[in-house]
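Enquirer: Sequence:
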Amino acid sequence: MSVQSDLGPSMPPRIRVYQVAYDVERLAHLARELASTGPGGDVRRALAKLEEARGMLADFL
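Here the sequence shown is numbered in the working numbering, starting from 503 and rising by one per residue.
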């Protein structure tokens, strides 16, 4: 047995966690802006941005 297998599953690098969190936050902020501008906003584009963020999280987790 190797030392690595004794430690269990490895965690992603801290910088990768930061990058994914930053990108998801950026997309959420954009979705919020799209949904709140003008009468009714651009809900379709806002939902697309949230879906993109969800995909990023699904790929990461």
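Read the hints as simulated data drawn from the structure, not as lab findings.
Idealized CB from N, CA, C, for every residue including glycine.
Among the hints, erroneous ones may be present.
[What the hints assert, rightly or not] Now the in silico label distances, taken between C-beta atoms and shown as ranges:
1. R518 - G542: 35 to 43 angstroms
2. V519 - P541: 35 to 43 angstroms
3. D544 - I517: 27 to 35 angstroms
Enquirer: Next, verify each hint and record whether it holds.
Expert: Cross-check of the supplied hints:
{"no.": "1", "hint": "R518 - G542: 35 to 43 angstroms", "result": "holds (37 angstroms)"}
{"no.": "2", "hint": "V519 - P541: 35 to 43 angstroms", "result": "holds (38 angstroms)"}
{"no.": "3", "hint": "D544 - I517: 27 to 35 angstroms", "result": "holds (33 angstroms)"}
When each numbered hint is compared with the structure, no violation occurs for any of them.
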